[in-house]
Amino acid sequence: MAAPGSTPPRRPPESRSGARDEEAAGLAARRSLLFSLLLLGALLAARLPFPWMAVGLLFTVAALVVGSLAVAAALGARRRGTAAVLVGGLLLALLVLLSQVAGLVFWPVQAEMRECLSGAVTEQASAQCRADFEDDLTRWVEGMAGLSATG
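Numbering (our numbering), first residue to last: 1124 to 1274.
No wet-lab data here; the hints were simulated from the structure.
Idealized CB from N, CA, C, for every residue including glycine.
Keep in mind that a hint or two might mislead.
[Said to hold, decoys possible] Computed beta-carbon distance windows for the label pairs: (1) Ser1222 to Arg1143: 37 to 47 Å; (2) Gln1251 to Leu1160: 42 to 52 Å; (3) Val1264 to Leu1171: 20 to 30 Å; (4) Pro1174 to Gly1242: 21 to 31 Å; (5) Leu1167 to Phe1229: 34 to 44 Å; (6) Leu1227 to Gly1269: 17 to 27 Å; (7) Val1210 to Leu1160: 10 to 20 Å; (8) Gly1204 to Ser1249: 47 to 57 Å; (9) Leu1171 to Gly1211: 57 to 67 Å; (10) Gln1247 to Leu1198: 28 to 38 Å; (11) Ala1152 to Ala1250: 48 to 58 Å.
Model the full assembly from the supplied sequences, consistent with the hints where possible.
Next up, the structure:
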């Protein structure tokens, strides 16, 4: 205890590495939040009709970029648990991207089936639409396989 009138003992100044760690953790948290919001936007945009579904691709690509930066920031802040969760999120974003690309690639075939189903009144007509869809899809895949085998 200091005597009256004397100066109190000095506390050591806060280390710069502690402040840098807090800044890095804050950066990782902000990037993680942005990554989550972009991935949520991608998932919601995937439910939209065709022309707007492509917007989901932009959200997904942005989520992959921001998610990668968030992983780097989390590792820099020595937050391994956060980095592991973010890597799981990146894997989810890759699956969403594959799903969106497949949806765009198969869109013409799916559009024909939707149009057919909208006019189908009976169960038999609906079953015929689904059978036609499967046939169209099979022909499309065989056509792609034929192109890759000769190319």
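> Checked against the structure, which of the hints given earlier come out wrong?
Replying inline: 5, 9 and 10
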